[in-house]
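Take the sequences, apply the hints, and build the full model.
So the sequence lines, in the order shown, correspond to chains A and B. Our numbering applies: residue 1 is where the first sequence begins, and numbers increase by one. Our numbering applies: residue 1 is where the second sequence begins, and numbers increase by one.
Straight-line Cα separation of at most 25 Å, SDA-like style, residue types lysine to any residue; simulated pairs:
id, chain 1, residue 1, chain 2, residue 2
1, B, K22, B, A303
2, A, K6, B, E334
3, A, K256, B, G265
4, A, K360, B, Y276
5, A, K360, B, R275
6, A, K43, B, L76
Rather than coming from a laboratory, the hints here were simulated on the basis of the structure. Treat the numbers as computed from the prediction; the structure is a model and nothing was measured.
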Amino acid sequence: MIKEFKLPDLGEGLTESEIVSWHVAVGDTVVLNQVIAEVETAKAVVELPSPYDGVIARLHEEPGTVVQVGETIVSFDVVDDSAVVERSRNPEPGPNPEVKRVPTLVGYGADPEKTGRPVRRRRIGAPAPAVVERSAAEPKPGSAATGPAAPSPQVETTVAAPGAAVERPRSTPPVRKLARDLGIDLTTVAGSGAGGLIVREDVLAAKAGAAPVSAAVPAAAEAATAAPGPAAAAQVPAPPSSSFAGRPREERADIKGVRKHTAAAMVASAFTAPHVTEFLTVDVTASMELLERLRARRDFAGLKLTPLTLVAKALCLAAARQPSVNSRWDEANGQIITMNYVNLGIAAATPRGLLVPNIKDAHALDLRQLAAALGELAETARAGKTTPAALGGGTISITNIGVFGIDAGTPILNPGEAAIVAMGAVRRQPWEHNGEVALRQVMTLSLSFDHRLVDGEQGSRFLADIGAVLADPALVLAMV
Amino acid sequence: MGHGEAGTAGQGQDMLQLITDKGVRVSHPELDPYIADVTDEELVKLYEDMVVVRRIDTEATALQRQGELALWPPLLGQEASQIGSARALRPDDFVFSSYRENGVAYCRGVDLTDLIRVWRGNASSGWDPYEINMATPQIIIGAQTLHATGYALGIQQDGADSAAVAYFGDGATSEGDVNEAMVFAASFQVPVIFFCQNNHWAISEPVGLQSHIPLAGRAAGFGIPSMRVDGNDVLAVLAATRWALERARSGGGPSFIEAVTYRMGPHTTADDPTRYRDANELEDWRAKDPIARVAALLEASGALTPAMEEQIAAAADGVAKDLRAGCLGLVDPEPEAVFAHVYATPNSWLERQQEHYSRYLAGFSADTTEGSN
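This is how it looks when you write it as structure tokens:
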């Protein structure tokens, strides 16, 4: 028989979680407590253990989907039902299990509607909010205004409909329960009690003459949907592209997951470590030629060799000469920890957002191993499979903004680290070469360092060392 | 070393050990006498306890992820601290614990279903404290140290030779309650043991931020003798607890034990420790696992065979199965049940409240209009 598994509240009072990945596929046989999925809540990424022995009959949600607590996410075909201890819930099921639960008590659990975030009641005196409609979550196929359900599910569309949204009408919990049971929308009912309070009789009266009253609601909703002007009414709505056209005027997305984490980390870093940024523009023609020669060698076959490979190697060499850039401020113990190894962080844009996984003991790797490690790190990050272990324990980082065609920036330190190097794009520019102006390949390096740990002299020497190696790779012979 | 009388013991107080990380038995003159009677067979039993408790913990964590428990505070990594101390106690000793001492509760003989009742949100409290001489878990950080001290004062007044044990964590030592309890316990020289599991993290706060000296060193300031032991070493914990119990039973007054251990899992199932602690730290502590080292020691001496290990693992699986069945079999309480165990004697104020509540609930039934407006 089929058993459904509904998303539980995995934290304390959470309303939703995102399916990060499924570890099983339809048809797979699973055992009790076998990990079947990874989900991310506002608090943590956690593994979901299977509640049954059985076969996966259906996966209801795709990875990347934000699911409300209580929604079915997976169905199992369970063989031996008698062996499973059935949970004894209260015997009385709702009148219609398909109907979503609407809280009748204030503060009684989370509103299960797809608002995308917990609902906060309006403060007294605050302006009424505009109607917020999730255009992507419940697409109306027939509506010209809807178009392809392209926007991501967590994006809300704000539709201006002044006066449409009002505070919930005043009523008591039993009356709200009655209204729900009868299918009466209380916003359509006029209250005859004290101060406009809706009483039981009002609901019963509304039920008696229900049809015309409740019909007003969908009509109003349709009108609101059709409202947002000529752009939306156009026959061919523009897909989300390079133009503003066809997009809602404003879009809101919840601050959560990696975005939230990134923000907190950046704020913590920027306002804890006094940052200094220095720039150095280097003629890297010799490095580019070196890369060409290495690519032609058989022992480097199959490896991705890029300017990043050389910058990473140069950084490891330079860090050994200026250990303060590879140190850590231990506020709790009032100590400075100098690491005599390099766990090299590489800022990576991943499906989950910005992550800085690091290569452990990068200083001990030769150029081939380093190139391989960089390739693997990038691939893992792109696949969204970066492990917490790879994210922890970094000592210094590189961010490659050159891949976006950018020259220089003032990078913010990965929290806890003393230095970060931003690589700019390699450009052909007129440059002084052997006393003449020539077209050379030039790159700007930006170094930010924590001035608590690193003085200007050490930071400058570190950056100069990296630059020197890139300008003339043969100088490595003089450094090691 | 070890004792805090001199007032100098705080800084650099040694952590005493009898089984190393690698499972090598080392001797210690202070601890050895207290465990001289522990045979290999008894050590196997301690091993089995730890394996079972870890299995209970894993199953409860899974039940939470499956929506069957609202919350669970895992004890992964702290098995030796809990088993070693709880197995030193007599039935007539009384335990006052925090919410993480599920291993201690297991040793006291708690019914498995009672253990998880509260975490399912099914009852306000899991068991009758006097049946197993262990109070139900205290959620308020450190408050149980006061309860334990008060109970110990009662033991003293009765002239009995039992002891009260307060279990708390490193974070609790920063609480006023714990400090008040230690002042009071020292003043009256009551038979109480302050058993501190230093698991290094008060949720996301590292112990180094809470104390610049080993926690055992704090006891000296109250005039309470203390001992700092490897909390992942079940024998060392057993010895230290016996030392403290001997003091308590012989009128020696309060003792403080710091069991240095590590919370390998999250604070609770609603926590994500990767957000605040280094993954390398977890790796370091995994190498100090309390169960693996005892297994290594017993395997080396031949006291633990692969067949026995399998048997113990199967027994643990059986306990986990019982736990799951008990959890899923719990019947949701009626709404009025919330009034049932508030007062031991009738209370008119509460009865009035209950009557109002019953009328309110009746308002939901369709055949009455009472309470509708």
